[in-house]
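Visitor: Protein chains in written order, with the numbering used here: chain A, 7 to 321; chain B, 291 to 548.
Honestly, the hints are just simulated from the structure, not real lab data.
Please read these numbers as outputs of a predicted model, since none were measured by experiment.
The reader is advised that the hints may include incorrect statements.
Under 7 angstroms between C-beta atoms, here's a sample of chain B residues computed to sit facing chain A [claimed, not checked]: (1) Gly321; (2) Glu322; (3) Lys369; (4) Gly371; (5) Arg374; (6) Ile379; (7) Arg380; (8) Phe382; (9) Ser386; (10) Lys463.
Not everything, but these chain A residues come out facing chain B in the computed CB check (under 7 angstroms) [stated by the list, open to error]: (11) His180; (12) Asp195; (13) Gly198; (14) Ser233; (15) Gly236; (16) Leu238; (17) Lys239; (18) Asp242.
The beta-carbon is built from N, C-alpha and C at its ideal position, and this holds for glycine as well.
As a plain string of letters, each chain reads:
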Amino acid sequence: MKKSKIFWIYIAVALVVYAIVELLIVNGQLDMYYSNLFITIAINIILAVSLHLVIGITGQFSIGHAGFLAVGAYISAIFTTNLGFPFPVALIIGAIVAAVAGLIVGIPTLRLKGDYLAIATLGFAEIIRIIFLNIDYVGGAAGMQVDYLTTWTYAFFGVLITIIVIANFTNSRHGRACIAVREDEIAADAMGINTTYYKVLAFAIGSFFAGLAGGLFAHNFFIIQPSQFGFLKSFDILIYVVLGGLGSLSGAVIAAILLTVISLYLQDFPETRMIIYSLVLIIVMLYRPSGLMGTKEITDFFKFNKKAKGGKVNE
Amino acid sequence: MSDLLLKVENVGIQFGGLKAVSGLNMEMHAGELIGLIGPNGAGKTTSFNMLTGVYKPTEGTIIFNGKKTNNMSPHQVTKSGVSRTFQNIRLFKDLSVLDNVKVANHSLAHHSVISSIFRLPSYFSGETKMEQESIEFLKIFGLDPYMNELAKNLPYGMQRRLEIARALAAKPKLLLLDEPAAGMNPQETQDLMGLIALIREKFDLTILLIEHDMGLVMGICERIYVLDHGQLIAEGKPEEIRNNKKVIEAYLGEEVTE
Chain A
7 MKKSKIFWIY IAVALVVYAI VELLIVNGQL DMYYSNLFIT IAINIILAVS LHLVIGITGQ
67 FSIGHAGFLA VGAYISAIFT TNLGFPFPVA LIIGAIVAAV AGLIVGIPTL RLKGDYLAIA
127 TLGFAEIIRI IFLNIDYVGG AAGMQVDYLT TWTYAFFGVL ITIIVIANFT NSRHGRACIA
187 VREDEIAADA MGINTTYYKV LAFAIGSFFA GLAGGLFAHN FFIIQPSQFG FLKSFDILIY
247 VVLGGLGSLS GAVIAAILLT VISLYLQDFP ETRMIIYSLV LIIVMLYRPS GLMGTKEITD
307 FFKFNKKAKG GKVNE
Chain B
291 MSDLLLKVEN VGIQFGGLKA VSGLNMEMHA GELIGLIGPN GAGKTTSFNM LTGVYKPTEG
351 TIIFNGKKTN NMSPHQVTKS GVSRTFQNIR LFKDLSVLDN VKVANHSLAH HSVISSIFRL
411 PSYFSGETKM EQESIEFLKI FGLDPYMNEL AKNLPYGMQR RLEIARALAA KPKLLLLDEP
471 AAGMNPQETQ DLMGLIALIR EKFDLTILLI EHDMGLVMGI CERIYVLDHG QLIAEGKPEE
531 IRNNKKVIEA YLGEEVTE
């Protein structure tokens, strides 16, 4: 009972944050530049959290996440711009197609482990990108004109849904099965967990939300080009997850916010931007090798009293 | 004798040119406690891996509970009622003690992914049921005070016990223990023997164990199989095994004849 109360408090806090930002945008205190920053942060959070499920929870080192971002972006763009569907419908269709792409890529590749899986997913992401590059219907290398439709409201609720779904999934028997696969695949298998099923499932859910982020991403910049979805984009997402701490959802969120803001402010120093960005990464990894949050969640810090109590009673 | 639970017929496995195990024949009846011994490298763990589906035998058949399990994958074998522990402990180290058992309890509840995501009533009832059942298992093993600790922080002996608890949570009919007493001191081994006897009674189990501690094996096993160089060299009651010439040779080498 208490757990669900805490859940609603979080939701309330989130909605207050949403309302404040929305109010500031509507009143014009936040100009395009800042409202765009908030939307970009939201998109990056969705990407980070979706990859967190694949790498942090299930332990499958996938570095092709930008491929599913591309699928979501192009499919949703086709549905709004070319076919005239309403934006929310196009977002969902884009996410579903990305999830299907995740299934198709995941079923053969998830038999591989470690480095081999990483290379295979990287390859598949490049294949997806090159497919879009060669389809004239979506503009090829020149890119595709897309309507500007993404608003803070869409972005915010995209983040909220992503976090709720992935957190709820993680805290169920299915999420535990995924963590068991991460911890020790052989032991998980021996305990009756269908490891292939859970790897593919986590991959498909991760791809679904990457597709959702893709839809938001596509309708935020007027134009999308295949070059935006190269492997550097995959690495950006990977960095959020690793920097935040593998296995920590709130870590992924914090890292996504932090790095998005840093890279935005560094745009004033174009010559040294990548150097400073890289230095930040190196310093964090040196002083916090398990990431900003390790495997902890931000909610753990509020639970101190409860845990201490539980321990004493049992002793 | 009660009904036949496991029948291993002429089973063997080949890795490239190496025959790790060949011509293995075993029979286990419900409720038996059987030992599998042999010098290092004799193929004991390989046999376990074949029984649990980790390796697919290249010859012969394994029939468990009337079903052929040769080509099943490990999780299918586990669901059909064979569960195991590992020689080198394989706990989910970064999960809590409770969660370790809950993972093995996976099939106890049936709430779906959708129900978990939307927190439908079946999610709450399923999770509660899993939690209660898992705590029951931990209590039997005296691990319940530590249920919120990470598995990797437990002392060695407790990790071994937790592994058995986890294996039991998968609801096996046949429990395979791979060197459960490895690294334990005599007192801990003594406790373990009591524990094995207890769970066997309580859960109506059939147990097959690999062990190097002869005191433990001779003390609790009703029958013993002896492997050497991948072949079965003896089978029988502990006292027969103790006096079997081939077994003594395998362990100590041949007697020097003058």
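Visitor: Double-check B:Ile379 for me: the hint is only fine if its C-beta lies closer than 7 angstroms to a C-beta in chain A.
Guide: Hint on B:Ile379: violated, closest Cβ of chain A at ~9 angstroms, above 7 angstroms.
Visitor: For the restraint on B:Lys369, tell me whether the closest CB of chain A is nearer than 7 angstroms.
Guide: With Cβ-Cβ at 5 angstroms, under 7 angstroms, it holds.
Visitor: Given A:Asp195 as an interface hint, is the shortest Cβ-Cβ distance to chain B below 7 angstroms?
Guide: 4 angstroms, holds
Visitor: Against chain A, with CB atoms and a cut of 7 angstroms, does the hint on B:Ser386 hold up?
Guide: 10 angstroms, violated
Visitor: Less than 7 angstroms between beta-carbons is the criterion; does A:His180 satisfy it with respect to chain B?
Guide: With Cβ-Cβ at 5 angstroms, under 7 angstroms, it holds.
Visitor: Can B:Glu322 be said to touch chain A, with a Cβ gap under 7 angstroms?
Guide: At 22 angstroms from the nearest chain A Cβ, B:Glu322 fails the 7 angstroms test, so the hint is violated.
Visitor: Using Cβ atoms only, decide whether B:Gly371 comes closer than 7 angstroms to chain A, and label the hint accordingly.
Guide: At 10 angstroms from the nearest chain A Cβ, B:Gly371 fails the 7 angstroms test, so the hint is violated.
Visitor: Using the nearest Cβ pair, does B:Arg380 come within less than 7 angstroms of chain A?
Guide: Hint holds; B:Arg380 Cβ to chain A Cβ min 4 angstroms, cut 7 angstroms.
Visitor: Just to be careful: measuring from the Cβ of B:Gly321 to every Cβ in chain A, is the smallest value less than 7 angstroms?
Guide: Violated, about 23 angstroms.
Visitor: Please verify that hint: B:Phe382, Cβ, nearest Cβ of chain A, below 7 angstroms or not.
Guide: Holds, about 4 angstroms.
Visitor: Measuring from the C-beta of B:Lys463 to each C-beta in chain A, is the shortest one below 7 angstroms?
Guide: Check failed: Cβ of B:Lys463 comes no nearer than 13 angstroms to chain A, outside 7 angstroms.
Visitor: Minimum Cβ distance from A:Gly198 to chain B below 7 angstroms?
Guide: 4 angstroms, holds
In this structure, the earlier hints numbered 1, 2, 4, 6, 9, 10, 14, 15, 16, 17, 18 are contradicted, and the remaining ones agree with it.
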